[in-house]
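Here is how the chains run, residue by residue.
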Amino acid sequence: GQNIDQPTEMTATEGAIVQINCTYQTSGFNGLFWYQQHAGEAPTFLSYNVLDGLEEKGRFSSFLSRSKGYSYLLLKELQMKDSASYLCAVRRNTGGFKTIFGAGTRLFVKA
Amino acid sequence: ETGVTQTPRHLVMGMTNKKSLKCEQHLGHNAMYWYKQSAKKPLELMFVYNFKEQTENNSVPSRFSPECPNSSHLFLHLHTLQPEDSALYLCASSQEKGAGGRLNEQFFGPGTRLTVL
Chain H
1 GQNIDQPTEM TATEGAIVQI NCTYQTSGFN GLFWYQQHAG EAPTFLSYNV
51 LDGLEEKGRF SSFLSRSKGY SYLLLKELQM KDSASYLCAV RRNTGGFKTI
101 FGAGTRLFVK A
Chain R
1001 ETGVTQTPRH LVMGMTNKKS LKCEQHLGHN AMYWYKQSAK KPLELMFVYN
1051 FKEQTENNSV PSRFSPECPN SSHLFLHLHT LQPEDSALYL CASSQEKGAG
1101 GRLNEQFFGP GTRLTVL
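These protein sequence lines are chains H and R, in that order. Per the numbering used here, the very first residue in the first sequence carries number 1; after that it's consecutive. Per the numbering used here, the very first residue in the second sequence carries number 1001; after that it's consecutive.
None of these hints come from the bench; they were simulated from the model. Heads up, a few of these hints could be off.
Claimed, not checked - Examples of chain R residues lying across from chain H (beta carbon under 10 Å, computed):
#1 F1051
#2 N1058
#3 F1075
#4 L1090
Built from N, CA and C at the ideal position, the CB exists for glycine as well.
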C-alpha cells in the first residue's frame, strides 16, 4: 500500500515563513503534487516535483527528496490570504498511473 | 467563455437515475481530469485523459463512466449511484507533452455539487 502523512493544522504569523511537510511511502514513485484549496473553492495547482531538489515559484517553493520519501512546501512572506488547506499528493506508476492525496494541512495565518 | 466550465453546478438524483456531468475547457489543453471531493475525506483523483486516451483510473466503481469525445470535452456518466457518492465533482485541464511525462499546471472548474438521495 502507500501512506501520505502531513500535519493536520498549522498556525503562522503574517509576514513569517512556514514549512509544510509531507512524507510518503510508495512504490513506483512518479512525482509529487502540492495544491492549495480555500474553503468552499476548487483546488489550485501549486507545484509538481518529480526530481530531487527545490523548485521556486514566487513566494512558494517545493522540495523533494525521493530517497527519504519527503517533500515540503515553503511559503514565504505569509499573507492572510494564504490561510487555506494545502494538499500533498503522490503519483505512482506501477503498470498504470495512480494519484493519491493526503488529508491536507489546514494553515491559519494570524495578524 | 473562458477557463474550465462545468454543468450542472448542482444536481440531485435518486439512486436509480442516470445523469451526466459535463466539463468543457476553453484553454486549448490536451489533458483533462475528474476529481471527487467528499466532506471530511481527502481529495480523490478519479480519471485522467491525456490526448483523449484514459491514462489513469484510480479504482473508481463502474457506476462512474467517463467519456472524452475530444480534447475540449469531458463527461462523467452516472448510474445507480449510492448516497455515499454525494460529493463535489471537480474537472480540471492541463497542457501535457505526453502521457507519463512531467505534469503541468492544472486549471480547475467550479465543480458540480452532487447529492444522491
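*Interface restraint verdict for F1075 (chain R) against chain H (beta-carbon cut-off 10 Å)*: violated (18 Å)
*asked:* Let's test the interface hint: is any C-beta of chain H closer than 10 Å to that of F1051 (chain R)?
replied: Violated, because the Cβ-Cβ distance from F1051 (chain R) to chain H comes to roughly 14 Å (cut-off 10 Å).
*Classify the hint on N1058 (chain R) as holds or violated, based on whether any CB of chain H lies nearer than 10 Å to its CB.*
Since chain H brings a Cβ to about 5 Å from N1058 (chain R), closer than 10 Å, the hint holds.
*Proposed interface contact between L1090 (chain R) and chain H, which counts if any beta carbon pair is under 10 Å*: holds (6 Å)
Checked against the numbered hints above, the structure violates hints 1 and 3; every other hint is satisfied.
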